[in-house]
Amino acid sequence: MAEVRAEMVANVWKIVVAEGDTVAEGETLVILESMKMEIPVIAEDAGVVAQLKVAEGDVIQEGDLIAVIE
Amino acid sequence: MFESVLVANRGEIARRVIRTVRRMGLRAIAVYSEADADLPFVQEADEAVLLGPASPAQSYLDVEKVLDAARKSGAAAVHPGYGFLSENADFARAVIEAGMVWIGPAPETIVQMGDKINARNLMENAGVPVAAGTREPVTTLEDALRAAEEIGYPLMVKTAGGGGGIGMGVAYDDESLIKAFEQASRAAARFGGGAAILLERYIERARHVEVQILGLADGTVVALGERDCSVQRRHQKVVEESPSPGITPELRERLLAAAVRVGEAVGYRGAGTVECLVDADKQDFVFLEMNTRLQVEHPVTELVTGSDLVEHQLRIAAGEVYPVEVAPRGHAIEFRIYAEDPKRFFPGPGKISVWEEPSGEGVRVDSGYVAANTVTPFYDPLMAKLCVHGATRAEALERGRAAVAAFRVEGPKNNLPFCAELLDHPEFASGDYDTGLVSRMRS
Chain A
1 MAEVRAEMVA NVWKIVVAEG DTVAEGETLV ILESMKMEIP VIAEDAGVVA
51 QLKVAEGDVI QEGDLIAVIE
Chain B
1001 MFESVLVANR GEIARRVIRT VRRMGLRAIA VYSEADADLP FVQEADEAVL
1051 LGPASPAQSY LDVEKVLDAA RKSGAAAVHP GYGFLSENAD FARAVIEAGM
1101 VWIGPAPETI VQMGDKINAR NLMENAGVPV AAGTREPVTT LEDALRAAEE
1151 IGYPLMVKTA GGGGGIGMGV AYDDESLIKA FEQASRAAAR FGGGAAILLE
1201 RYIERARHVE VQILGLADGT VVALGERDCS VQRRHQKVVE ESPSPGITPE
1251 LRERLLAAAV RVGEAVGYRG AGTVECLVDA DKQDFVFLEM NTRLQVEHPV
1301 TELVTGSDLV EHQLRIAAGE VYPVEVAPRG HAIEFRIYAE DPKRFFPGPG
1351 KISVWEEPSG EGVRVDSGYV AANTVTPFYD PLMAKLCVHG ATRAEALERG
1401 RAAVAAFRVE GPKNNLPFCA ELLDHPEFAS GDYDTGLVSR MRS
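Sequences listed follow chains A and B, in order.
Counting in this note's numbering, the first sequence runs from 1 upward without gaps.
Counting in this note's numbering, the second sequence runs from 1001 upward without gaps.
Just so you know, the hints here were simulated from the structure itself, not pulled from any lab data.
One thing to keep in mind: the hints can contain errors.
[Unchecked claim] Keeping only pairs whose Cα atoms sit at most 27 Å apart, straight-line, the calculated DSS-like set for lysine-lysine is:
1) B:1351 with A:36
2) A:53 with B:1351
3) B:1343 with B:1179
4) A:14 with A:36
5) A:36 with B:1343
6) A:14 with B:1282
7) B:1282 with A:36
8) A:53 with A:14
9) B:1179 with A:36
10) B:1343 with A:14
11) A:53 with A:36
12) A:14 with B:1179
Nothing here was measured: the structure is a model prediction, and the numbers come from that model.
Whenever a hint applies, use it, and build me the whole structure from the sequences.
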């Protein structure tokens, strides 16, 4: 199980995957936006998206849980 | 001269414009979003009007709200700063129609130069050199691939209406062109400016050199020297200097003359910047685009010319006719202090716990924040501009090193360590660098 957390304060601009999806290593899970920059959040390991804790438009803080990959 | 100015912007540039407006004895009116209520530009204005929520679309980009604030506060003129509505011709027109003075060029000029394809074609016709590129808007991938075959790789792919490096990408072959085209199209759809894409021959090992021009009220156009903006990450400027260490006096003369020609070709009024790409080996240049507004890096020109560009903007907008003499002196460098990590340049907003600006001879800091402010994720990451001036480039570099070391920021991430690293980098120190410098430092 791998937790994917936010590296910075950001807005969630786009959700790319859904809970239950199978993702490959390096695949984009969500796209954040901070300070006019798009920042893709990627899966560091392959697996299944067990939990997706954010929604489009959310403002998230550094360290907030974005997703859990199993 | 009008008696009041509404500054339709935020952060360091709003604060900087307000400073000159007040020094000239005029009333300064700020507008701000809920996220910016505690920032110095709001406190330092004579009057401040809340626009709305943090999101730019609901505050600084909302034409109706800004116009409403201008009407309600009785503003006689509007200064747009850079970014946001500064190159929005509809906004400029609405300001003029509301009976206020627009501090910028005519709306028609903004339209002419705002479309990069149109600007390129216009300049080519005026006898200003442009890079090989598409003369018509490219809207489909098939057209892009066909154009690439004609022009040849490498190619710069950008949106015709965009700015600030957003959506720009370099393509070296069909495969990377497909990626760059999609990225540019996405950016165009998202950040506005229409779907048109422009392809241009990409010059590797180029320097980005731009000329500051002033279109005076009597119609003459003068050039206030150049700025070298070749230190870039993600096609966005980080450090600028004047004069450019990479051009000969002969090339400088040609560049300045071409910039004046550009201004004359569109009947330019006010402060504007003509951006060019310089091939340092061949000592040749091509026109890139024109920015019809005040530029972020304008302090570099102010330091070497001993002038106040905002004052020029106000006096020209008020119709004052006066002579402008240019006698550049010494060397100036600007470091953009961004809220970003100094390694990967990823944004790192946050609450400022420590903010100590350097000071001393030849040091100027234009900042948007003070201690206890919060740098939020809603706007661009520029926190401050650290500018140094010296009699020579060597002296400016020395002052830059001392000032970067003395600048203390804690809380948000910041690129001061990158600035220190750059100052010690042999390529930058030598002056013989190009737009690939930062990526070489990080590869």
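Quick rundown of the hints versus the structure:
no., hint, verdict
1, B:1351 with A:36, "18 Å, holds"
2, A:53 with B:1351, "25 Å, holds"
3, B:1343 with B:1179, "25 Å, holds"
4, A:14 with A:36, "14 Å, holds"
5, A:36 with B:1343, "18 Å, holds"
6, A:14 with B:1282, "45 Å, violated"
7, B:1282 with A:36, "36 Å, violated"
8, A:53 with A:14, "13 Å, holds"
9, B:1179 with A:36, "20 Å, holds"
10, B:1343 with A:14, "26 Å, holds"
11, A:53 with A:36, "23 Å, holds"
12, A:14 with B:1179, "19 Å, holds"
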